[in-house]
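Visitor: So you can see what is in the structure, the chains are spelled out below.
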Amino acid sequence: MNKFFVLLNVSLRSMLLSSTNSRGRSKRKAATGLGAVFLIAFLGLYLSGLYSYMLMKALAPSNMEVLVFVFMGMVALVGGLLFTTFAVKGVVFGGKDNDLLLSMPVPTTMLMVSRVTAIYLENLLFAVFVLVPAGVICTFLTQNGVGLSLLFWMRLGIAVLALPLLDTALSVLLGALVAFLSVRVSRKALGQNIVMGIFMAAVFYFSFHLNGMINSLAENAAGVKASLTWAAPMLWMGEGIMGDWKMLLVFVLCCVFPFALVVMGLGRGYRQAVTAFAARSVQSNYKLTAQTASGQKKALLKKEMQRFFGTPMYFWNAGIGLIMLLAAGGASLVMREKLLAYVEMAGYPFPLLPMAAAVIGFGLCTCPITAPSISLEGKYLWILRESPIEESSLLWVKVGFQLLLTLPCTVIAGLCISIAFGFSLRQGAVLLIATLLFAIGHAAFGMLMGLCFPKLDAVNETVVIKQSMATVLAMFASMAVLGVAAGFYYLGSKTAPWTALALPIGVFALFATVCIVILTRQGPALLKKL
Amino acid sequence: MLHIEHYSKTYPGGKKAVDDLTLHVGPGEIYGFIGHNGAGKTTTLRAVAGVMDFTEGTITIDGHDIKKDPVQAKRVTAFLPDNPDIYAFMKGIDYLNFIADLYDIPADQRTADIGKYSDAFELTDNLGSPIGSYSHGMRQKLALISAFIRRPRLLILDEPFVGLDPSAAHIMKGYLSELCQSGSAVFFSTHVLEVAEKLCDQIAIIKNGKLVQSGPTAELVGDSSLESVFLELEGER
Numbered sequence: 118m119n120k121f122f123v124l125l126n127v128s129l130r131s132m133l134l135s136s137t138n139s140r141g142r143s144k145r146k147a148a149t150g151l152g153a154v155f156l157i158a159f160l161g162l163y164l165s166g167l168y169s170y171m172l173m174k175a176l177a178p179s180n181m182e183v184l185v186f187v188f189m190g191m192v193a194l195v196g197g198l199l200f201t202t203f204a205v206k207g208v209v210f211g212g213k214d215n216d217l218l219l220s221m222p223v224p225t226t227m228l229m230v231s232r233v234t235a236i237y238l239e240n241l242l243f244a245v246f247v248l249v250p251a252g253v254i255c256t257f258l259t260q261n262g263v264g265l266s267l268l269f270w271m272r273l274g275i276a277v278l279a280l281p282l283l284d285t286a287l288s289v290l291l292g293a294l295v296a297f298l299s300v301r302v303s304r305k306a307l308g309q310n311i312v313m314g315i316f317m318a319a320v321f322y323f324s325f326h327l328n329g330m331i332n333s334l335a336e337n338a339a340g341v342k343a344s345l346t347w348a349a350p351m352l353w354m355g356e357g358i359m360g361d362w363k364m365l366l367v368f369v370l371c372c373v374f375p376f377a378l379v380v381m382g383l384g385r386g387y388r389q390a391v392t393a394f395a396a397r398s399v400q401s402n403y404k405l406t407a408q409t410a411s412g413q414k415k416a417l418l419k420k421e422m423q424r425f426f427g428t429p430m431y432f433w434n435a436g437i438g439l440i441m442l443l444a445a446g447g448a449s450l451v452m453r454e455k456l457l458a459y460v461e462m463a464g465y466p467f468p469l470l471p472m473a474a475a476v477i478g479f480g481l482c483t484c485p486i487t488a489p490s491i492s493l494e495g496k497y498l499w500i501l502r503e504s505p506i507e508e509s510s511l512l513w514v515k516v517g518f519q520l521l522l523t524l525p526c527t528v529i530a531g532l533c534i535s536i537a538f539g540f541s542l543r544q545g546a547v548l549l550i551a552t553l554l555f556a557i558g559h560a561a562f563g564m565l566m567g568l569c570f571p572k573l574d575a576v577n578e579t580v581v582i583k584q585s586m587a588t589v590l591a592m593f594a595s596m597a598v599l600g601v602a603a604g605f606y607y608l609g610s611k612t613a614p615w616t617a618l619a620l621p622i623g624v625f626a627l628f629a630t631v632c633i634v635i636l637t638r639q640g641p642a643l644l645k646k647l
Numbered sequence: 054m055l056h057i058e059h060y061s062k063t064y065p066g067g068k069k070a071v072d073d074l075t076l077h078v079g080p081g082e083i084y085g086f087i088g089h090n091g092a093g094k095t096t097t098l099r100a101v102a103g104v105m106d107f108t109e110g111t112i113t114i115d116g117h118d119i120k121k122d123p124v125q126a127k128r129v130t131a132f133l134p135d136n137p138d139i140y141a142f143m144k145g146i147d148y149l150n151f152i153a154d155l156y157d158i159p160a161d162q163r164t165a166d167i168g169k170y171s172d173a174f175e176l177t178d179n180l181g182s183p184i185g186s187y188s189h190g191m192r193q194k195l196a197l198i199s200a201f202i203r204r205p206r207l208l209i210l211d212e213p214f215v216g217l218d219p220s221a222a223h224i225m226k227g228y229l230s231e232l233c234q235s236g237s238a239v240f241f242s243t244h245v246l247e248v249a250e251k252l253c254d255q256i257a258i259i260k261n262g263k264l265v266q267s268g269p270t271a272e273l274v275g276d277s278s279l280e281s282v283f284l285e286l287e288g289e290r
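First to last, the sequence lines map onto chains A and B. This note's numbering numbers the first residue of the first sequence as 118 and each following residue consecutively. This note's numbering numbers the first residue of the second sequence as 54 and each following residue consecutively.
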């Protein structure tokens, strides 16, 4: 049993840190692991707390609280799947320590069970953070006081323990499919980008339509419940938590049975599965034709582009702001009437121009493309170092790449918003000048942060893109600059209208100038020192 | 071709990795650099390639100081580390074109050279695959091809035989000789003493950061073998 816990410990750390051979210090490693837990906790508590409250308020009057647990159960199930499907690919099938552990005198089944248990524990964590807040809200908002009994919490506890079994069974199957496809599909990045795109579109759609969905749910709760036959296990769970022990037992069996089936099935062919999914898929059909030449800068720019679009983690984390900018521009035109009605409802002169600038500025802050780019060179930095390129060229190409993406999106968003809200030519020009200056400053600032807080020995892209100091500062310090500009707008509006516009532009111009000057003077030396 | 004069490298914390190293590599020479693990070979090669900064001494390549004129010095060199990590998100052919673009290699020349070397190393068929799917040996071959297509005046190799199959190692030795016949020089580190003895015109032995012996291979080895000389100098015999 000791061996099992040692293996479980390794798998858990591998999952939370995305790798077991981190070279960081133990405190930093622990912080990284805790960061992942906090992310799950925050997402779970936020999603569950907010939506459970909204749903419970709408459904409790008609005694349809059971639907809250049905929907929160779905959130826990889908959220858990999103968190763990790719973890299954890495931890259960594609662990870097596969060769080492499979060669040890440990039963293969024990190794597999320890890894699947690690996945179960992560799903359990998500289920706790989603279902327990729903239970708390049920305690306070139900009409019949069912949430106040100890038995309710016992039933909820059983459901919380059982649901992750179903989640784990599904994520192991999906993870196996992802691992299987990964070694057979040549354009993996494109496939992952398409899947993430569909997911993001669904999230946007859900967010925009949430209020309407909850209202219609409250109006026809019984009908909705009757139509949920396709989600029967969730319905059994909800009925079980609310008091039906028989339904709870059916739900538990419905979770345990597939889990046991998956574990037993995998136990039989685990070594074969790991071997099959580790097989390389090098194509052997390339025919060399006449090549074309291009310049140094174009080659460097193309490399940045290939990395950005070919690394889904990079694209969806550092590029989400680009989509938000375009979506904001499009939405302002499509939903013009609704937005203007909201503005009128405010009842006082709404500062539309600074609000538009703030929205675009926020979108830009969520595009820290340059910030992780030095750390992403990591083990590849020797290629650039031994090449006949000036350090300054390398840095400016990276800044240029971010601007190549952000400037057109900024202009499109600015133009769409200006047209939607009927800004005058002067107002539109002010909006564009201010946001373009901020975009330039943000790109240069991100590059500086990347040079000041490099993570060249990071074990994977996730650590660099999501958890590095450079990325966090590039996002939040830039937001602080937006805050300073807003403060100057407020101060300026107390004197004359033109100062209210000129002062924020001055702040953005100063921000861009200072960052460019520091990057020009110190950047190459900082890069050389790495 | 390569002049290393009184080069020293001290790491943060005060550890001296290389101490007052002076050696010269002439045009057309294959120069072997041998020593035990941690002797300072890689530190020296990385400094010569301009990958790592140093504070003491000077290194000039084909008349260009690597510190004062790094871009020109790097234009005439190619460096291959012991474990070449290459962009996993690129295809093999993209990487070769990327390197060719950085070195301003004309289209005709690159097409011909990529064909010549990738055919020789039996990698042409795989150039359309992402580098992330390559084995260690394939990555090593790709890195070698990317070095050869530059037609460097100085080729710097750190443990080039590690990971190569015997056939690829034989092909590489042939191309190293061909490169030297055209007037270029090769400076490489290795632990394979038999290869160094057969391949190198000159050999330098480094121990604890200090040069303990250097000179033409025939003079250094004499009637003995390089292995015996090396072990004697290392104090292990």
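If you are wondering where the hints come from, they were derived from the structure by calculation, not from laboratory data. In this text the structure is predicted, and so the values were computed from the model without any measurement. Be aware that one or more of the hints could be misleading.
Taking lysine to aspartate or glutamate pairs in the EDC-like style, the calculated list, with each CA pair at most 16 Å apart, reads [claimed, not checked]:
(1) A:K415 / A:E356
(2) A:K404 / B:D106
(3) A:K645 / B:D106
(4) B:K251 / B:E285
(5) A:K496 / B:D138
(6) A:K404 / B:D178
(7) B:K120 / A:E508
(8) A:K404 / B:D172
(9) A:K414 / B:D157
(10) B:K263 / B:D138
Visitor: All the hints need checking, so say for each whether the structure fits it.
Guide: How the hints compare with the structure:
1. A:K415 / A:E356: violated, 62 Å
2. A:K404 / B:D106: This hinted pair is violated, its Cα atoms lying about 41 Å apart.
3. A:K645 / B:D106: holds, 8 Å
4. B:K251 / B:E285: With a Cα-Cα distance of about 19 Å, the restraint between B:K251 and B:E285 is violated, given a limit of 16 Å.
5. A:K496 / B:D138: holds, 6 Å
6. A:K404 / B:D178: holds, 7 Å
7. B:K120 / A:E508: holds, 13 Å
8. A:K404 / B:D172: holds, 11 Å
9. A:K414 / B:D157: holds, 11 Å
10. B:K263 / B:D138: violated, 29 Å
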